[in-house]
Amino acid sequence: MHRVLIGGGGVGGLVTAHALRRLLPATDEIVVFDASPVHTFWPSLLWVMTGTRRAEQAMRPFSTLRERGITVVTAPITRIDPGSHTITAGERQWTGDVLVLALGAQLDPALVPGLAAEAGNFYTVPGAEAVRNSLRTLTGGRVVVLISRVPFKCPAAPYEAAMLIEGYLRKRRGLEATVEVWAAEPAPMGVAGPTVSQAVVDALTERHIAYHPNQRVTAVDADAHRLTFQSGDTVSYDLLAYVPPHRVPPVVAEAGLAPADGWVAVDRATLETRFPNVFAIGDVTGISLAIGKPLPKAGVFAHRQGEVVAQIVAQRIAGRPAPDRFDGVGECFIEMGGGIAGFARGNFYAEPAPAVRAYRPGRHWHAGKVAFERHWWGQWW
Numbered sequence: 113m114h115r116v117l118i119g120g121g122g123v124g125g126l127v128t129a130h131a132l133r134r135l136l137p138a139t140d141e142i143v144v145f146d147a148s149p150v151h152t153f154w155p156s157l158l159w160v161m162t163g164t165r166r167a168e169q170a171m172r173p174f175s176t177l178r179e180r181g182i183t184v185v186t187a188p189i190t191r192i193d194p195g196s197h198t199i200t201a202g203e204r205q206w207t208g209d210v211l212v213l214a215l216g217a218q219l220d221p222a223l224v225p226g227l228a229a230e231a232g233n234f235y236t237v238p239g240a241e242a243v244r245n246s247l248r249t250l251t252g253g254r255v256v257v258l259i260s261r262v263p264f265k266c267p268a269a270p271y272e273a274a275m276l277i278e279g280y281l282r283k284r285r286g287l288e289a290t291v292e293v294w295a296a297e298p299a300p301m302g303v304a305g306p307t308v309s310q311a312v313v314d315a316l317t318e319r320h321i322a323y324h325p326n327q328r329v330t331a332v333d334a335d336a337h338r339l340t341f342q343s344g345d346t347v348s349y350d351l352l353a354y355v356p357p358h359r360v361p362p363v364v365a366e367a368g369l370a371p372a373d374g375w376v377a378v379d380r381a382t383l384e385t386r387f388p389n390v391f392a393i394g395d396v397t398g399i400s401l402a403i404g405k406p407l408p409k410a411g412v413f414a415h416r417q418g419e420v421v422a423q424i425v426a427q428r429i430a431g432r433p434a435p436d437r438f439d440g441v442g443e444c445f446i447e448m449g450g451g452i453a454g455f456a457r458g459n460f461y462a463e464p465a466p467a468v469r470a471y472r473p474g475r476h477w478h479a480g481k482v483a484f485e486r487h488w489w490g491q492w493w
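Counting from 113, one number per residue, gives the positions in the sequence shown under the working numbering.
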């Protein structure tokens, strides 16, 4: 019997576990570790934020994985020993033949003084609900969507959030409110190239959403509703919806897999770390591209990396060569409000620069995102 340990039950961990269950004999054990008893489909949180989904519609219990022959450990991982392929979680140590780390990026609002006092972290279920509740009672003023630090997962998300919020507020006729984006990055979705960036800026402009790039927030005064930026600018707000700073989970840094201020280095084709049979996928990784920037942190990459790693692991266990390689191809929907979405797709491993195409927005792309959400739940639960 072989045992594969998967740290994290997000997109990457879930895809890896299900793919391995199909590929490995029933006698081989697959163990998924997650501190939460539920899997949250993160893309749905933007709809929770604007009231078109309830929180419970964005979550499913991990316990159902047991029915598919996958062991689930609901406990935080407190120690990882990559040399011995050991994970400590709860009261027990688990040792496997292979480790797959899919722990994602840890959200840490406390890295910006005062930010944690604001509830509108829409990268979490409580934060998305807090923004929704504030939108319902907003009487006017300025809504600020804040990107506090880079990198962050799902590069389109804060821009989607701004456009969805603007569309929500527009339906409340007579309400005098503005939406602005203040971003710690120079351009939207910059790794995808200037054409994609400009398409997002144009979409914001069409909706009268002011965009302020290269603005790194240094302090938040939640009582005064005021943001202070490194540039010296200050801005007041009536509602703050924000992307918190992201960092590598401390347990990963403590294991020697990444520096505290960095991410896990992997072979960009196989996702294997410097430790044999220890793989890392998704947001916890840092993969450099030809342009000197990192591969974006996005669920589509975690998904495809999970499929590749599952194939490699299954072939190694069977004693056969593993030809599968992650190719850097990915895509994303860009919600724009009013039942309209955009879509971009391309090869991020292309040289000398990623080759990404932005498609004309339309209702069919929004329908595509809804269909993908339905497909996600249908294939796993």
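None of these hints come from the bench; they were simulated from the model. These figures come from a predicted structure and were not determined experimentally. Please note: incorrect hints may appear among the correct ones.
[Claimed, not checked] Here are the simulated DSS-like pairs of lysine-lysine, each with C-alpha atoms no more than 27 Å apart in a straight line:
1. K265 x K481
2. K405 x K265
3. K283 x K405
[To be verified] Simulated restraints, written as ranges between beta carbons of each label pair:
4. M171 x D209: 27 to 37 Å
5. W489 x T207: 25 to 35 Å
6. P433 x A331: 51 to 61 Å
7. S175 x G490: 12 to 22 Å
8. P325 x G451: 50 to 60 Å
9. S348 x P325: 58 to 68 Å
Glycine residues also receive a C-beta, built at the ideal position from the N, C-alpha and C atoms.
So, going through the hints one by one against the coordinates:
For the proposed pair K265 and K481, the alpha carbon gap of about 18 Å is at most 27 Å, so the pair holds. Distance restraint check for K405 and K265: the Cα-Cα separation of roughly 14 Å lies within the 27 Å cut-off, and the hinted pair is therefore satisfied. At roughly 39 Å between alpha-carbon atoms, K283 and K405 are farther apart than 27 Å, so this suggested pair is violated. Restraint check, M171 to D209: a C-beta distance of roughly 31 Å satisfies the suggested window 27 to 37 Å.
Range check, W489 to T207: about 33 Å between beta-carbon atoms, so the 25 to 35 Å window is met. The supplied range of 51 to 61 Å is met by P433 and A331, whose beta-carbon atoms lie about 54 Å from each other. A hinted range of 12 to 22 Å for the beta carbons of S175 and G490 is consistent with their spacing of about 18 Å. At roughly 28 Å, the beta carbons of P325 and G451 sit outside the given window of 50 to 60 Å.
At roughly 20 Å, the beta carbons of S348 and P325 sit outside the given window of 58 to 68 Å.
Violated hints, listed in ascending order, are 3, 8, 9; each of the other numbered hints is respected by the structure.
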